[in-house]
Amino acid sequence: RKEVEQDPGPFNVPEGATVAFNCTYSNSASQSFFWYRQDCRKEPKLLMSVYSSGNEDGRFTAQLNRASQYISLLIRDSKLSDSATYLCVVNMVGPSGGSYIPTFGRGTSLIVHP
Amino acid sequence: DAGVIQSPRHEVTEMGQEVTLRCKPISGHDYLFWYRQTMMRGLELLIYFNNNVPIDDSGMPEDRFSAKMPNASFSTLKIQPSEPRDSAVYFCASSSPGLTVYNEQFFGPGTRLTVL
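Going down the list, the sequences are from chains A and B. Going by our numbering, the first sequence opens with residue 1, and the numbers climb by one from there. Going by our numbering, the second sequence opens with residue 1, and the numbers climb by one from there.
Treat the hints as calculated values from the structure; they're not laboratory data.
Just a few of them, taken from the derived set where beta-carbon distance is under 10 Å, the chain B residues facing chain A: (1) TYR31; (2) PHE33; (3) GLY42; (4) LEU43; (5) TYR48; (6) PHE91; (7) ASN103; (8) GLU104; (9) PHE106; (10) PHE107; (11) ARG112.
Beta carbons: idealized from backbone N, C-alpha and C, even for Gly.
Produce the complete structure using the sequences and hints provided.
Here it is, written out as structure tokens:
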């Protein structure tokens, strides 16, 4: 079983729709969580961090559920420009204690159409 | 700031040849990561450095891969000899010091490697 799992999609939605992605992780000692966005043939870029209390940035809302070991990303009022792959990242403190190990999910593809 | 710089952007080589990928992290960042991305396996962490010292290389596929960071502003990933299954996009990323487990990683544009 992979440490970080995502539904690869694609999620095909019309403009204006609300869409949600989940990401599950296997290591309960995971320390921090992020969503990255990757456009086709480009590098990943940070979309938002995920805090325990949940956080919102405009049309984007991220949630963390430690008990069930998953994080989620909700996109409201989808735009054509939201079409991309969304990667979840889970950081775990490494064995030395002073370092951390980032693990990426495979990504979820979103296609927003007119 | 110019961001993370990688070179070359594209590399096409023949099986058995040596390949060297280069990375310049963002100035002041003390963590540097090398990743490989393929359709089959997604984004995989190969190795990362802290203050030029390799911390975890458990993701390096085999002895054909090696990475160095001789100073704070330069790192290389070398494949010798290269094989067709090494074809992938290789990303370098860096992050700043501080409460590092919470820090954002900044990625370079990647090197698209094709081994024939």
